[in-house]
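**Student:** Spelled out, the chains give:
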Amino acid sequence: MGNVIRRSLRPENLVVNLSLLLIVVVCLLPFLWSVSSSLKGRQELFETMPSLFPRDPILGNYQFIFTRRDMSMIPLNMFNSFKVTLIAVVVQTTLATMAGYAFARMEFKGRDLLFYSLILLIFVPRAGGLMAVYELMDFLDLRNNHWGLALLYASAMSTAVFIMKQNFLSVPRELEESAVIEGANTWQVFLYVAVPLAKGGMVVVALFEFLYVWGEYLMARTLIDFPELQTLSVAVSKVTGWSALFTSSAFSTYGAEAAAHVVAMAPVILIFILMQKWFIRGLTDGILKM
Amino acid sequence: MTTMQNVERVPAQQRSAWREFLYQVRTLRSQRWGNLWGYVFVAPALILYLIFQAWPIVRGFYMAFSDYRWIIPETHGWSSFNGLANFREMAQDETFWRSLWIAVKFTLFYVPATLILALFVAVMISKVKNSKLAGFYRVVSYLPVILPVPVAMVVWRSIYHNEFGYLNHFLERVIGIGDPPNWLGSPQWALTAVLIVTVWMSFGQQALLFLIGIYNINIEQYEAAALDGAGGWAQFRHITMPGLKPIFVIVLVLSAGVLGTTVEMMVLFNTGGGPAEAVLTTGLYAFRTAFEVGDMRMGYAAAMSLVLGVISMLLSGIVFRLLRTERA
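Protein chains in written order, with the working numbering: chain U, 84 to 373; chain X, 960 to 1287.
Calculated from the structure, these hints are not laboratory results.
Treat the hints with caution; some may be incorrect.
Listed next, the in silico DMTMM-like pairs over lysine to aspartate or glutamate satisfying Cα-Cα at most 20 Å (straight line) [said to hold, decoys possible]:
1) X:K1086 <-> U:E95
2) X:K1088 <-> U:E95
3) U:K192 <-> X:E979
4) U:K321 <-> X:E1251
5) X:K1091 <-> U:E95
Turn these sequences into a full structure, and let the hints guide you.
**Tutor:** Structure, rendered in structure tokens:
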């Protein structure tokens, strides 16, 4: 460790490390600020020079958003987000894996035509897409419906199919061929031989879908009308109605809002820290190869 | 010929997807039906895609040429076709032109700012020898990227807050600026406020792409250049920049979508266009027209987003043409 520090102090490294340190501070400050505000009581929040480290941290703000069911719908919204995300991730990963496998391994008429149509449609401008989706969901009776929302999210799968196809192409097909010789049928080859080798791609697809669904705003906002059905990201951006209820409380709107923000970002940060290396892999497999 | 060989012979990047598409259309007739299981495996994904992605593209395109108003049932369906009337109206619509100008201004500032910051951060991280430390920097600069956009915006809303926000406390008491801007409340600062947040949220993505590009440049090139006496700046200009050309294309093509930035403004300013509508971009104006005011004029809104989409597409097409390197 001492070595690292001494080397960092050489002039050319000093410039590098100081500028990166500044970037680190700029990147982290908003996160720290939310966490710190969420732990502060009423008095500390409105001081003239707010400190980044609460003097006496309290959990009251969290307690409020999770237990006051009459005022806070955060637990409901959180459940909705988990439900929609889970459905979308499972559906998209499953379907993209199947399609990617077919595009990589099977030969059938129009296969490449279908594949390239899927890729090219990414670049077609979605004029009035949101309006058309609204009309479609209304027609299918899927407005205010978590399954509808999740299927909509799952359907944006051009990149996912692309990643899965690349993935299957990059693993040797000999294993599959020998399984066929041993008498396995198409499904068995797919499920027991191909899929275990393509797990990496599936993780990447699931990960990026999770991030997308968890943070999606426009469609959730337009397709879900009732606050109790709303997803967390949208709900959090709207919690302003608490202010009137708070005038006499020991806690504050500001602190409770901050707690809600922390709750909304915690899952993505957790997943990100746990699965960092997959992000780089996802970027190199997805965007860079396209 | 078998299509399998096709894939192995031509990786996707070498022939453009569009050329490959045309080639496939031409040769479709001569292809054999082959393994019908393929259709079974592709069908579920394809059906979902057709319903929820392809159909809205077609329908939305039609809407742009119709007088579709959500709360007036007579205008629903296919009957309200009105030709180019929406576009004629748009040409006369001052709010539309103002909103387009705001979107263009936003893009003109956003693209270079993000690009320069991202490139700078990537080059800096690439200079860090300690791999644990470099990993730490990579993770931290990517952290804002993974944050859900609406959540990031509300967090920044509280940071920008004129009375209790941290930013102005900092500017006033640490830097010593007597009269810090009312970020979200004054028309001349509102767009800057959005700009700062969007750059904050997205430079990490580009930095990581640049970094992957830099790591892929052969280290021997730098060593040879150093032996020839090339300094840091010369190395950057003659090795790093040319080596990163493909990444520049990707980053710029992805950036063209910024023209349609909507959610950021919506959340940061509580759905309005901000003070004196200073951040009312075309995307926001279209959203408001379709979902929030009057008859919910989805037709007119679709026409506006069609114009926006075509401009973005042209922009990325131009970037692609200008910067594309000849690949063998």
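**Student:** If a hint holds in the structure, say so; if it doesn't, say that too.
**Tutor:** These are the hints, each one checked on the structure:
1. Between X:K1086 and U:E95 the CA atoms are separated by roughly 9 Å; this keeps the pair inside 20 Å, and the hint holds.
2. Between X:K1088 and U:E95 the CA atoms are separated by roughly 12 Å; this keeps the pair inside 20 Å, and the hint holds.
3. Note on U:K192 and X:E979: the hinted pairing holds, with a Cα-Cα distance of about 15 Å set against a maximum of 20 Å.
4. Among the hinted pairs, U:K321 with X:E1251 is consistent with the structure: their alpha-carbon atoms are about 16 Å apart, no more than 20 Å.
5. Using a Cα cut-off of 20 Å, the hinted pair X:K1091 and U:E95 holds, with the two alpha carbons roughly 19 Å apart.
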